[in-house]
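The chain contents come next:
6 protein chains.
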Amino acid sequence: MSDTPKIVRPPHHLVDGIRAMGAATASATLAHMGLRGAAITGPVAWTKGSAVAGPALTLQFMPKREDLYGEGEYMDVEKQLHRHVLYHVEPGDIVVVDARGDMRSGVFGEMMMTYFKGQGGAGMVIDGCLRDWPNIAKLGVPLWIRGVTPNFHTQIDLMPFAVNGPIACGGVTVMPGDIVVADDDGAVVVPAALAEACIAKAKKDHEWEDFSREMLARGGDLRRYYPLSDAARSEYEAWKAKRAGHDPSR
Amino acid sequence: MSDTPKIVRPPHHLVDGIRAMGAATASATLAHMGLRGAAITGPVAWTKGSAVAGPALTLQFMPKREDLYGEGEYMDVEKQLHRHVLYHVEPGDIVVVDARGDMRSGVFGEMMMTYFKGQGGAGMVIDGCLRDWPNIAKLGVPLWIRGVTPNFHTQIDLMPFAVNGPIACGGVTVMPGDIVVADDDGAVVVPAALAEACIAKAKKDHEWEDFSREMLARGGDLRRYYPLSDAARSEYEAWKAKRAGHDPSR
Amino acid sequence: MSDTPKIVRPPHHLVDGIRAMGAATASATLAHMGLRGAAITGPVAWTKGSAVAGPALTLQFMPKREDLYGEGEYMDVEKQLHRHVLYHVEPGDIVVVDARGDMRSGVFGEMMMTYFKGQGGAGMVIDGCLRDWPNIAKLGVPLWIRGVTPNFHTQIDLMPFAVNGPIACGGVTVMPGDIVVADDDGAVVVPAALAEACIAKAKKDHEWEDFSREMLARGGDLRRYYPLSDAARSEYEAWKAKRAGHDPSR
Amino acid sequence: MSDTPKIVRPPHHLVDGIRAMGAATASATLAHMGLRGAAITGPVAWTKGSAVAGPALTLQFMPKREDLYGEGEYMDVEKQLHRHVLYHVEPGDIVVVDARGDMRSGVFGEMMMTYFKGQGGAGMVIDGCLRDWPNIAKLGVPLWIRGVTPNFHTQIDLMPFAVNGPIACGGVTVMPGDIVVADDDGAVVVPAALAEACIAKAKKDHEWEDFSREMLARGGDLRRYYPLSDAARSEYEAWKAKRAGHDPSR
Amino acid sequence: MSDTPKIVRPPHHLVDGIRAMGAATASATLAHMGLRGAAITGPVAWTKGSAVAGPALTLQFMPKREDLYGEGEYMDVEKQLHRHVLYHVEPGDIVVVDARGDMRSGVFGEMMMTYFKGQGGAGMVIDGCLRDWPNIAKLGVPLWIRGVTPNFHTQIDLMPFAVNGPIACGGVTVMPGDIVVADDDGAVVVPAALAEACIAKAKKDHEWEDFSREMLARGGDLRRYYPLSDAARSEYEAWKAKRAGHDPSR
Amino acid sequence: MSDTPKIVRPPHHLVDGIRAMGAATASATLAHMGLRGAAITGPVAWTKGSAVAGPALTLQFMPKREDLYGEGEYMDVEKQLHRHVLYHVEPGDIVVVDARGDMRSGVFGEMMMTYFKGQGGAGMVIDGCLRDWPNIAKLGVPLWIRGVTPNFHTQIDLMPFAVNGPIACGGVTVMPGDIVVADDDGAVVVPAALAEACIAKAKKDHEWEDFSREMLARGGDLRRYYPLSDAARSEYEAWKAKRAGHDPSR
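Residue numbers (our numbering), protein chains in the order written: chain A, 1 to 250; chain B, 1 to 250; chain C, 1 to 250; chain D, 1 to 250; chain E, 1 to 250; chain F, 1 to 250.
No wet-lab data here; the hints were simulated from the structure. Possibly wrong hints are sitting among the right ones.
Copies of the same chain are indistinguishable here, so a pair counts whether it falls within one copy or spans any two.
Listed next, the in silico BS3-like pairs over lysine-lysine satisfying Cα-Cα at most 30 angstroms (straight line) [claimed, not checked]:
# : residue 1 : residue 2
1 : 117       : 240
2 : 138       : 48
3 : 79        : 48
4 : 242       : 138
5 : 138       : 203
6 : 117       : 242
7 : 203       : 242
8 : 6         : 240
Please model the complete structure; the sequences and the hints are all you need to start from.
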C-alpha cells in the first residue's frame, strides 16, 4: 500500500494557459467542447482571492472498516495513506481529495499543511473538511473545501484508501495528472488531453470586451455592446485608436 | 417571448419607508399583520454590509428542455430571456431570480452585471448562483445569492423561461413590483399593497430603545429595561432630559 | 415554568485548561479517550478569530404547538423561556441552544444579545439562527451559529421549551455545566467529569512540534520530522540548545 | 433513571371519538381550531390498512455519549430505557419514539415487539427504524415508521435517554398522554385537552356526503354536488327518502 | 382567476403510440433524440401495475401568501383553483401537479378524486402528496405521487396558483397538452410535437428481443444474444421459423 | 478495460452459515466484534420476503466524463463495463453496485437482468436504481435498491467505470468476494476473513428464545423472560421437558 503510483504532469505551458483562462472560462469552453460537467460542486473557495492551476495528485477516502484500517495504522505512521499523497508533491501541484463530502472528518491538520507548503504545493481541493483551521489559516495555502472541523481524518467514518488513482470530487471524475484550475468561482477539472484544444478555443478574439465593459459601466445599451453589435463597431474602432494614441509604449 | 411585461413600481416614499425599517423589522411586522412567511430562505447576504430596498423585477428559470430552448437561443442573443429582465432595470430596481436553488448554474456573469450596475440597479436576490465572481466582486453590487459557480446559466439543467411574472424565490412568492428589502439578515418581500400599513405599524414608539440598549450594555436587568418596565420609566425620563440638555442643536 | 434550574459550574482551572487546548485538540483527545463524537456539526464559527471556553447554559426549542405556546407568552414576557436562560448568565458562561437546525427562526436579536454581553457572556453556540445581524455584529460577541434570518424566534415553527436541561446541539448531547470550547474549527463539548483527564492526556510532551513545524516549513522531510524520528532527534537537540542560547531571558 | 413516570390516560370515549374521525379529519379539524401542525411528517404507514388511536407513551433517544451510556447498560439490562417504556404499556396504548430520524438505529426488535403485543399495545409511531422486520412483520402490530435496518438501537449514534417526557416526533411536539390517531394517511397528535372540542367540531352534519360521493362517481358536476349546492338539495332529499324506503330496518 | 385556459389535446393515435412504448422506452428514445431529461424524478408509482398515457392538464402551487390567498377562498369554493383543473378533465386526461415536493400538503382528497374518476380521468402525477388515502385507495385511480398526508392542500405552506400553464414537476418542465406516459418505472413527459418522431424512432426492429430473452433466460451468452450477434442470427431465424410453424393462426 | 478481474469466492459453508444468521444477527455480531458499520444504508428490500447470501461481484459507476466515456461505448457494446460484471456471475453470486445513490440512472434493464437470472445470480444490491421494472418484476430476482426509473444507466450523470474492485455502497466499503447477506431488514457486508468468527460468535446458546417468545406473546413479564432470568429458568426447563415429551421424533 505504501508504494503509491506517480503521476504524469502535463507540460508547463498548458498549465499556464489554463491558469490564464480562469475557472469560469475553462468550464464554459469545455462545455462548448462537449464536456458539460467539469466544475466541482460542493467545495468552495475558502481563501478568497486565490487563483491557481496545476496537475492533480489524488487521495481517496472510503467508509471506515475496522478490519481494513486498524490500530496498525496508528502505530506505523507510514501506513497512513493521507501522508503518502504529500510525498509526491512537487512545486505547483494541487492535491485533490475525495473525502465523500463528510463534514466530520478533517483530512489534514497544521503540520501536514505546513509540509505541503514547504514542498511548494499550489493548493488543495477537498470534498470534505480540514482541521486546525486557526493555524492553517496563517499558512496562506489556497484552499477549496467544504468546511472545517475539530475532528481528525479517521475520527468518525472515513479511512484513507488510495493515492493517485481516479477519484470523484464534488461530482466530477478526476484522473491523476488532470489540470485543476481554481479561483473564487470554484474549481474546474481540465482533462490533460483536452487542455491544448481548450486553450485554443478560448483564445477567440475578445479584444472588444474591455470596450464593451466600459460602455456598459457607463450605462450603455446591452443590445449594442454585448456582444458587440455591428452598429457599434465603428465606435469601438475609434475607441481602440484613441486608446492606442494614449499608449505610453508607442 | 422577447416583448416582456413592464412592472408597476410602488411610490418612492413607500420604498424609502420599508428601507428604513430593515429586513428584520419588515419580516416581524408583516408576521404580526398575518403574513408569516415573507423572508426569503436560502439566498444569503453575499456582500456583507449592504442594505437596500426597491421594486422587484422578476426572472424565472425552469428545468431545461432541449425542444424549448435550443441552439437558436445561442444564435440570436435577443431570445435569451435573462437579458430581457435587465432591459427593464431603472435606478433603484432589484432583480429577483428563481433559479430553483441550482448550484450548477451561474445566472449572470461580469458583463451582464456591469450593465445592471450601469443602469442603476440597486441589488439582486437569486435563488441560485452567479458566475465570474472574481470580476463581479469588484463591481460592488449588493447581492443575496446561494453561491457562485464557474458554469454559465444554461450549462447544465436550467433555461430562462419568463420575465416579470410571479415567481417563487427561497420559499416566498414574489409578484413583480413587490418591494424587496434586504440587508445582512437576508431578503424580505413586502407586498406593495401592504407597504403603507407595514410602515405605519412599525412606527410605534420605540424611543426608549436607545436608553434600554445603553442600560443593558452596562449590565442592566433585562426585566427592568426590555421591554421598558414601569419601574424604570422615571429613570428613562431623566436620561432623556439629560441627553436633551447635552444636545448641541438646542 | 419561569423558575428554571441553575447549573453547577466546573472549577476555573478546568475551563482554563480546556480553553488552552482549543477545539481540535479537545475533540481528538476525547476521541482517544473513547468519546468519539464530541464536536458539534452544523453551527460554524461566525465571528472568525474568536476562541472561547466556558460552562454551558442550555436552551431547548421544540416544534411550535399553539395550545402550549399561545398569546399569553406574548402578553407576559416573563413566560418567554428564551429570556430565562439569559437570567442565568455569569461572566464566562456560554449559552448553547438547540433550535433544531431551523433556518427560519432567529433565536435572539440585538437587545437580548446586548444584555448577554452586558452580563459578561463568553459566547453562544446555536443550532439555528440569530436575527438583527446588522446590529449584533457590532457587539463582537463570539458566535457559532448556522446562519441569520430576519424572522423572530417563534415566527414560524419553533417555541422555547426548556432551560438548563439536557439538549442535543449539532448532533451532540450537551448537559448543563459541560465545558464548551470553540474556535474557528467549531465547538466541542467536554463533559465536566472528563475535563481533568482530558487536560492531562493532552499534556503529553509535544515540545518538538515547534522544531518540526520550522523544518517542514523549510521543505524538510515529513517522514523525518513529523512525528519526530529518531534520526532527527540529535538535530532537534542542537536546535533546542541553540534556541536556548539565544534566549534573552538567560 | 429506571423509575420512569406514568402517564395520565384520557377517557375512553375521547379516544374512541378521535379514532372514529381518522387522521385526516383530526388534522384538518385541529388546523381549523388553530393548531396547524398536528400531523407527524416522516414516519409513514408501514402496515397498510391499520387504523388506531390511543394515549401516547413516549421514548426519547439522544446522540450517543459514551460517558453517559456505557458498558453498564449492556450488563444491567434494567438500565436500558427503551425497555422501560414498554413496562408502562396497557391495552390500547401507543408508543411514540423520537429516534431523531436516524436510519441506522433499529429501536426495537422481535422480542420487544412480541412483549408489546402481548401487553395489548395498539401500535407504534417511530421517527426512525425497527429491526428484525422479517420476524416483526408476522406479529401484525400496526406501525408508523421511517424504515427498517439490521442495526440495533445503540449500534451507531443513538442512546435511549428518557421515558414519558415531552418529545418531538416527525416535527410535532408530543406530550405523554396525548391521543395519537394513525391510519394510512399517517399519524396525528391530538392534545388531550382539545380532544372533546375536536370531536364536537368534526361532528358537523356531513350526511349529504354519501349522496355527493355517489353523484360524483357517476360523473356528476363537482360544482353541484361538492359541497352540496342549494340547486341539488331537493335531489338529495329525494335520494335520501328513497334510500330510507329501501331501508330493511324500517 | 376562475376562467382557466383549455388545453389542446394531441391526436389519439399519438397518445396510443406513446402508451404502447411505456415509460422506459419513451425516456430512452427521447434521450437519443436529444431530450435527455424527460423523466419525472420524485413522484413514484403509488398504484403498482398501472400503466397510462394521456394529455397533461396542469396545476401549479406556490408558497402561500396570506394576502393573495385569504379567507375568501374558503368562503367561495369557486375561487379554489385546485377545483378548476378538474373541471377540464375529459376521459383519458392526466392531471399533473407541481406541489413543490411538499410533504405536508394533501393536494386532493376523496371527494375530488371521486369526481376525477367520474369524469374518466386516466391518472395523476403529483410532485407532492394526496390526502384521504384510506378512501382514495379504493377508487383505483392510477397515481404517481411522493406520498400521503392527513393535511389538506393549503393547511401549511402552499396555495393553488394557476391552471393549465407551464409547470415544473419532479425536475421536468411540463407544458399543458404534452403527453404523459407513466408505469411502474415512473412518469415521462413526451412533448406533443415530438410524439410522432418518438414513436417512429422506437419502432426500429426489435423482433429478435423475444428470442434473445428466451435464450438469456436459459443461461445463454449475453455476448451472443444481446444485442443479437451475427453468429446467432441463423439460430434466431430457425427459432422464428419454428415458432411460425406452431402458430395456431396459420 | 474489458478484461476485468475475477473474484475469490469464500467456501460454501461460510456463505451458508452467514445466510442462516440473517442480516440483523450478522450486523449486530460484527458490531460486537468491532465492525460497527457493516449495514448498507439507502438501498432497501424491493422484493419483500427474499433472503439471500453470497459472494460480492462489484461494479463501480463514476460521474460521467464525455472524454472518458464517449460514443465508442455505444458502438462497441463490449466496452460497456456494466455488461462485464455480469460475465463473472456464477450461481449464488450477488452483484453489488455503487451507482452513487443516483435516482436518474437505471443500472440494468430487463434483458441484462434476464441474463443474470439465467446465470443463477442470487440477487443484487444497488446504491441506485433499476430500469424496466414492469418487466423485471416478473423475473423474481431478489433486489435491494433505492428505486426505479425510466432512464438508462448513462442517460444523465453516470458512467460504468470498474468491475470487481473495492466500492462504497450505501456507506459501506465492499471488497470483491466479501459475503453479502440481505433480507427484509436490508443488506449487510460480512468481510470474508471474519465470516468464520462471526458465525461462531452468533452460535451462542439462544435455545431459550423460543420459550421466551412464547411467554412474551402470552403477556409474560419482559424482565422475567427476556433475557431469560434465573427466576424463570426452572419454568423454562419444565417447558423444554414437556415439549420434548411431545416430540413425535422421540
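Hint check results:
1. 117 / 240: between (43 angstroms within a copy, 24 angstroms between copies)
2. 138 / 48: both (14 angstroms within a copy, 13 angstroms between copies)
3. 79 / 48: neither (34 angstroms within a copy, 35 angstroms between copies)
4. 242 / 138: Only across copies: residue 242 and residue 138 sit 26 angstroms apart there, 46 angstroms inside one copy, limit 30 angstroms.
5. 138 / 203: between (37 angstroms within a copy, 24 angstroms between copies)
6. 117 / 242: between (46 angstroms within a copy, 25 angstroms between copies)
7. 203 / 242: Only inside one copy: residue 203 and residue 242 sit 24 angstroms apart there, 56 angstroms across copies, limit 30 angstroms.
8. 6 / 240: Neither. Shortest intra-copy (49 angstroms) and inter-copy (36 angstroms) distances fail the 30 angstroms Cα cut-off.
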